[in-house]
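Number of protein chains: 2
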Amino acid sequence: MGLESIISDIEISLNLEKDAEIVYKSIKPEVLTAPSQRSKLNIKRDKKKILFKIIAEDSHAYRASLNSILRWVIISLDILKLMKRGDI
Amino acid sequence: MGLESIISDIEISLNLEKDAEIVYKSIKPEVLTAPSQRSKLNIKRDKKKILFKIIAEDSHAYRASLNSILRWVIISLDILKLMKRGDI
Numbered sequence: 001m002g003l004e005s006i007i008s009d010i011e012i013s014l015n016l017e018k019d020a021e022i023v024y025k026s027i028k029p030e031v032l033t034a035p036s037q038r039s040k041l042n043i044k045r046d047k048k049k050i051l052f053k054i055i056a057e058d059s060h061a062y063r064a065s066l067n068s069i070l071r072w073v074i075i076s077l078d079i080l081k082l083m084k085r086g087d088i
Numbered sequence: 001m002g003l004e005s006i007i008s009d010i011e012i013s014l015n016l017e018k019d020a021e022i023v024y025k026s027i028k029p030e031v032l033t034a035p036s037q038r039s040k041l042n043i044k045r046d047k048k049k050i051l052f053k054i055i056a057e058d059s060h061a062y063r064a065s066l067n068s069i070l071r072w073v074i075i076s077l078d079i080l081k082l083m084k085r086g087d088i
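Sequence lines, in order, name chains A and B.
In terms of the UniProt record's numbering, the first sequence has 45 at position 45, counting the first letter as 1, and numbering is strictly consecutive.
In terms of the UniProt record's numbering, the second sequence has 50 at position 50, counting the first letter as 1, and numbering is strictly consecutive.
None of these hints come from the bench; they were simulated from the model.
A hint or two may mislead.
The list treats identical chains as interchangeable, and a pair is accepted whether it falls inside one copy or across any two copies.
Said to hold, decoys possible - Calculated pairs, DSS-like style, for lysine-lysine (alpha carbon to alpha carbon, straight line, at most 30 Å):
#1 Lys40 x Lys18
#2 Lys53 x Lys18
#3 Lys49 x Lys84
#4 Lys84 x Lys28
#5 Lys53 x Lys25
#6 Lys40 x Lys28
#7 Lys28 x Lys53
#8 Lys40 x Lys53
#9 Lys28 x Lys81
My request is simple: use the sequences and hints to build the entire structure.
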């Protein structure tokens, strides 16, 4: 197929810098060890922004990496919300 | 939820500059008129790279915009492949 690569920088801004720090620390190991032959991930943090980079060979690998990233961030935020409410 | 925004730059490189030109011209109207209250899209081209920007308020709006973009690019490439093979 005519597609050579998909490279993307994704900047997820959270409301609170504290939340960004917690989410970043909790998902960083997942991001850096995510097993994929066809895509590479990187993660950084800048205050309340979590910065991801995805380098993928095709759209399937890109979509899979992106879905993983979004899922990790959303799960972490959901857990944080429960903790703040004292539910866990 | 703790998420404020998702902003991403996506660079899709195609094998041929000619393909990038055709795909860019064919999907640009879709990208610029895509109806969404919760995300904004932009598209540019640089030789054989098509450059997208998504600014979304939440992960659902982001995912919807991204899926549309990937679908438009893949459909355009599939049609190009069929045309080159003389099937259409």
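Against the structure, the hints come out as follows:
In this homomeric assembly, Lys40 and Lys18 come within 30 Å of each other (Cα to Cα) both inside a single copy, at 27 Å, and across copies, at 28 Å. Taking the closest pair of Cα atoms, Lys53 and Lys18 come within 30 Å of each other both inside a single copy (22 Å) and across two copies (27 Å). Taking the closest pair of Cα atoms, Lys49 and Lys84 come within 30 Å of each other only inside a single copy of the chain (20 Å); across copies the shortest separation is 44 Å, beyond that limit. Taking the shortest Cα distances, Lys84 and Lys28 sit within 30 Å of each other inside one copy (22 Å), while across copies they are farther apart (44 Å).
Proximity of Lys53 and Lys25 under a CA criterion of 30 Å is satisfied in both settings, with 16 Å inside one chain copy and 27 Å between copies. Within a single copy, Lys40 and Lys28 get their C-alpha atoms as close as 13 Å, and across copies as close as 28 Å, so both meet the 30 Å cut-off. With identical chains, the CA atoms of Lys28 and Lys53 are at most 30 Å apart both within one copy (12 Å) and between copies (25 Å). Taking identical chains as interchangeable, the C-alpha atoms of Lys40 and Lys53 lie at most 30 Å apart whether they share a chain (8 Å) or sit on different chains (20 Å).
Taking CA atoms no more than 30 Å apart as the test, Lys28 paired with Lys81 passes inside one copy only; the shortest distance there is 19 Å, against 39 Å between copies.
Checked against the numbered hints given earlier, the structure satisfies every one of them.
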